[in-house]
Amino acid sequence: MESQSILERLGILADAAKYDASCASSGTSSRNSLGGKGIGSTEGMGICHAYAPDGRCISLLKILLTNHCVFDCHYCINRKSSNVRRARFTPQDVADLTLSFYRRNYIEGLFLSSGIVKSSNRTMEQLIEAARILREEHDFRGYIHLKTIPEADPELVHQAGLYADRVSINVELPTDSGLTRLAPDKNARQIEGAMGRTKDDIAEASDAKRKFRHAPRFAPAGQSTQMIVGADAATDADIVGKASRLYGSFGLRRVYYSAFSPIPDASAVLPLKRPPLIREHRLYQSDWLMRFYGYKPAEVMQAAGADGMLPLDIDPKLAWALKFRDRFPLDVNCAAREDLLRVPGLGVGAVDRILAARRHRTLRLDDVARLTRSIAKVRPFLCTVDWRPTALTDRADLRALLAPKQEQLELFAA
Amino acid sequence: MSALQHLEFDTCYLVHLPEPDDFDAWRERARALIQCDVPPDRIVWTAPGGAGDLFAQGDPHLPVPEPDARPVRASRRFVELARQAVLHTDAERFALLYRVLWRLQADPRIMEDKADLDVRRIEELDKAVRRDSHKMHAFVRFRRVESDEEENGEHYVAWFEPEHHILRANAGFFVRRFANMKWSILTPRGSLHWDGETLEEGPPAQRADAPTGDPMEDLWRTYYASIFNPARLKVGAMLKEMPRKYWKNMPEAALIPELVAGAQKRELQMVAEGAPETEDRPETLKAVDKAIHRCRRCPIGCLDNQAVMGEGPKDAALMIVGEQPGDQEDLAGRPFVGPAGQLLDRYLEKAGVERKEAYLTNAVKHFKFVQRGKRRLHQSPTAKEIDICRWWLESERAIIQPKLILATGASAARGILGKTVSISKTRGEPIPLEDDSELWVTAHPSYLLRLDGEAKEKQSRLFEADLAAVKERLAELAG
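Quick mapping for you: the protein sequence lines, in order, are chains A and B. Each position in the first sequence, counted from 1, maps to that position plus 9 in the working numbering. Each position in the second sequence, counted from 1, maps to that position plus 50 in the working numbering.
Check each hint, because a few of them may be wrong.
SDA-like mimics (lysine to any residue), calculated; alpha carbons at most 25 Å apart, straight line [as the list claims (entries may be wrong)]:
| hint | chain 1 | residue 1 | chain 2 | residue 2 |
| --- | --- | --- | --- | --- |
| 1 | B | LYS290 | A | LEU188 |
| 2 | A | LYS251 | A | LEU188 |
| 3 | A | LYS89 | B | SER472 |
| 4 | A | LYS386 | B | GLU399 |
| 5 | B | LYS177 | A | ASP375 |
| 6 | A | LYS386 | B | ALA287 |
| 7 | A | LYS46 | B | GLY222 |
| 8 | A | LYS305 | A | ASP322 |
| 9 | B | LYS434 | A | LEU188 |
| 10 | A | LYS89 | B | HIS428 |
| 11 | B | LYS475 | A | ARG198 |
| 12 | B | LYS232 | A | GLU146 |
| 13 | B | LYS521 | B | THR432 |
| 14 | A | LYS46 | B | LEU249 |
| 15 | A | LYS127 | B | LYS400 |
| 16 | B | LYS177 | A | LYS127 |
| 17 | B | LYS177 | A | GLY356 |
| 18 | B | LYS400 | B | ALA519 |
| 19 | B | LYS290 | A | TYR28 |
| 20 | B | LYS469 | A | ARG131 |
| 21 | A | LYS127 | B | ILE473 |
Beyond 12 Å from chain A on every Cβ pair, some chain B residues (computed) [to be verified]:
| hint | residue |
| --- | --- |
| 22 | LEU112 |
| 23 | VAL169 |
| 24 | TRP233 |
| 25 | ARG257 |
| 26 | THR262 |
| 27 | ASP354 |
| 28 | ARG396 |
| 29 | GLU399 |
| 30 | VAL420 |
| 31 | LYS475 |
| 32 | PRO482 |
Simulated from the structure, these hints should not be mistaken for laboratory data. Virtual Cβ for every residue (Gly too), placed ideally from N, Cα, C.
Isolated chain B (complex conformation):
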């Protein structure tokens, strides 16, 4: 019986494939049909599980090609795409592939024509199948069950619902990944079981066959909820890559509605807890003065005290920064007027630096204290409080633009640098600042007040030396 005879009889063939995802079976039959010159419109393809043509009429006995029939040609690209496209649930896939294979015999380069409708359709099928496989790799969730067998006590079981016939084709991925683990993947289209050595296929399963939970899922949900940044909500981007249809088999997805609803609230809360309101930097000393009196950005501003503004000429070359106003400064509303301030005055005079020509201010603008009876006892500001107050100190710096800043004490240095430095390691050398001015660090004069004897003498000498160096440097900068 030759191929030609079939054409004369106008026969229709009914080709039944044993499995819905069996590319090799399709290829073998398609090859024979092409060799017998059976045109695409004379073939009806069916496979189990497909909504195939139940009433299709046709001859189930396929023609046998002549031994010397010419070989069937297909480009590598076609075979690559066809292997994937066969896995699609589209009932037309086998007919489509045959039609393209038929056309390939006349035009071997047809696959390169991306504008061809058939080629485009195969590419669409391929893409959908690849995406489904990729999502399977991503969204399968195993749950651990204790197995009865003595050895190998752990068994991991997953329930998954793929859209296409991709289960068997992706077995290799899970075998390679979990080679030394005992696992099963159950789906409505079939199941896979791996015991660490061999892979077995099983019948279709139901959700009830899979375990309902795993203690580890609480940790996973905690992770999922914590790694999410509520300050950026992009639900559309999430849905595009993780459509709702997958959610029911993913333990973490139950949290999504709650996370989305809570996001804006959480962000507002983060902002409220976090930093102060945005504000433009004040541009005049008067504006800074006014603003610091209103400032309640840290708890110190809420104590019973008043803000103390810096004082000195607006074009001062030297800025001297202290820690914070003390009891007397707070009452007077002026910086460096208490015992430490008076001590500083004496040393400045000795070094030949005119206090009137310098701008004096503090790293923290309010007096921090605890009440002990009638006395208000000084307390050091925390790093955070200094950082919050940097806003004001920097505003003053921006207006005065001093050439040299003398920071007295570690708090003052932090107010300028934003980090805590050691006085003994940094004193005596200029530290360049980003606005081309320079910082000199020395001890706070109140430190000298607390010392006695030898230590006091030593520290006084160091303090004097620092001031002398500043004086000298100022002269250089002025020159």
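Excised from the complex, chain A in its bound form:
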């Protein structure tokens, strides 16, 4: 194994990390390398340094320290009983690679995770060591995201937060029974316990920061988690419910959804077919509705069908509006902000532009067209001084009129 070149090991350990959806580098404290000894800055907005053909942004060097693992989670390519090629980096290797990439402006920082070797504590120590080398020996001020291991000692998890901008613990599966079945070595209580402690640490640190300027930082970009969609029988309603509970109980910045994708050497208890990618997209849309559009989880679930699944051919906001047609059309010139946010096709930006513009003039349909992306999409739900969707809102085939064309859907799913 020692004969593997760094190139080979990078290939294996990056390949093993690609099933993690998150690559965000945003939302942390603002800092730069002026007056320091090293390099690195974070200025609020994350930067995507490249995009892969899978449409995902590459912002961080996302790798595993090692893909050896003593756990045997069925959906995971690195599980003990899988036959993948294994490799490992030392914390020093990871730090060197991060700096080399950062100097050439390839990345915003590091997202480090790992398979469990020897013990959870030993693994956690190694992850922390990589972050420590970067922060303390090289005065690196870029972004660091550390995956924490819920089975590790709470003190170690706490240390991770002192070096990292963001920490995350994956809940892995939306239901406890799914977790028991597919990740037999993991425990839902333990995962939520670790999330709870991290939440408290973050709150405590931000409190201290308010009182003392030099109080230590603790994960200023908060914590996030990831759920795998389509590996077990959980419905969209289950997933939305779980996500809203997680947002509520643990103050998570983000819940990532990762459509289960067929992995080499998969275990026989998994479905072989991947769920349509569009399902993951619809879940992200419903997540947005809860976080930015003021929908309650129960309302998002109203958009789902009787089987608990969100429609795949139209977005959840449109699905909700079609179910509650009596709430439309809205008068653009006097409707409240929270009502306008429910109009399919109006984003938060468009709603704010409408509110600003209507202070100056009474809006006509042409004005609305200038303020929104697609007037055809919003027209059935709005009235202006010169427009009423007389018959449109009541048409039985409204859904067909507004749903994207079938060919597009196929392309998207491909």
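Take the given structure of chain A and dock chain B to it, following the hints.
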């Protein structure tokens, strides 16, 4: 000379700005012109590098406002947008900004009217410039060159082609980020050099001035190719954020066509290598029986053997699971009929459990062996083989729905739990299962066959105790 006089003469002014991105110069001149009441249509703005109006006629001497001229008003939002919009390559930008500034004097809240055409245009320019800056932060790629100077041996040089005049405005970003690094950014519109302490501006450069490669790029390309998940191909999403025009200066972009073309092939390969074909779960024992005889999902199914189906009543409360059929089971086509099975029978009888009332089966359905002369020697199944066979064991569980499962040996326990557990740590206690039944774990009877003396006695006692506990529990569950 007063402003009024100019209007009478119907003068046109030609305003030349020293730099294409100099907001302060524009502001200073615009302020004076507003104070002299020069309407927008009397001014022609030019700047170097712009496709300005070469034949514009006009007076290059600008009017000087009266000392007591009223101050020029502009909303904060306007200044914020104008600073960005000035950097755009649109030759009309200065005139547009002046026109809006002119209108702002009469209507100070005009910037709030998002439906106004001029306001919209400024916002578009602002957005395009911000996007260009953002892409510069993202897509500049430095290459290392060994510098001649003794100290500070590393110098990082990038070649970048921005769409707008954004170079100078973004110098600060790179200084703050790479404060302790020596770097240069070369562009067709000018260049920046930072030596760790001071920033210098240089003339426009050419691609040939920048280094052609960096050994680290091989690692970066390896990373780029490996982090890409071929099971999800979304080329449109990639192109939207990383348009082709940037590709030529990004070392990783050369891989894209190959990755896209290979994606579907790689995914099919992943699936083919991976798991078995999808199949609906068989709903009757007969269907399971038929299916396991055809099963070749793991190498054991390809040996010279036959699948051995479980046996027992369809409504059995007790399911007993072994590891796999042995030599005699394979020949007979029935579970637990060899030496270990006969031993189990004796212990069951002793504990008062009727074998006829239990459903007996195995975690693995085929006999795994190596041929040694005439003998077929038993081999333990691997974890992976047990996991593959779980599909069938779970199908049997779903049909029989036993209240209690007795797993004999570690392989049997793995077949039920999906993970390997220690027998000594788990025996004697029920493990609740997700379908509300429970699992009891004990040793495999063949283990007892291999022991002698004291060890054998001790293990026999434990085995007896486990069976007795199961018997007792079954009675409780039935009650």
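Hints and how they fare:
| no. | hint | in the structure |
| --- | --- | --- |
| 1 | B/LYS290 to A/LEU188 | 37 Å, violated |
| 2 | A/LYS251 to A/LEU188 | 13 Å, holds |
| 3 | A/LYS89 to B/SER472 | 16 Å, holds |
| 4 | A/LYS386 to B/GLU399 | 75 Å, violated |
| 5 | B/LYS177 to A/ASP375 | 22 Å, holds |
| 6 | A/LYS386 to B/ALA287 | 22 Å, holds |
| 7 | A/LYS46 to B/GLY222 | 18 Å, holds |
| 8 | A/LYS305 to A/ASP322 | 22 Å, holds |
| 9 | B/LYS434 to A/LEU188 | 19 Å, holds |
| 10 | A/LYS89 to B/HIS428 | 24 Å, holds |
| 11 | B/LYS475 to A/ARG198 | 22 Å, holds |
| 12 | B/LYS232 to A/GLU146 | 20 Å, holds |
| 13 | B/LYS521 to B/THR432 | 31 Å, violated |
| 14 | A/LYS46 to B/LEU249 | 18 Å, holds |
| 15 | A/LYS127 to B/LYS400 | 43 Å, violated |
| 16 | B/LYS177 to A/LYS127 | 51 Å, violated |
| 17 | B/LYS177 to A/GLY356 | 17 Å, holds |
| 18 | B/LYS400 to B/ALA519 | 13 Å, holds |
| 19 | B/LYS290 to A/TYR28 | 23 Å, holds |
| 20 | B/LYS469 to A/ARG131 | 22 Å, holds |
| 21 | A/LYS127 to B/ILE473 | 21 Å, holds |
| 22 | LEU112 | 33 Å, holds |
| 23 | VAL169 | 9 Å, violated |
| 24 | TRP233 | 9 Å, violated |
| 25 | ARG257 | 17 Å, holds |
| 26 | THR262 | 14 Å, holds |
| 27 | ASP354 | 23 Å, holds |
| 28 | ARG396 | 33 Å, holds |
| 29 | GLU399 | 34 Å, holds |
| 30 | VAL420 | 20 Å, holds |
| 31 | LYS475 | 15 Å, holds |
| 32 | PRO482 | 10 Å, violated |
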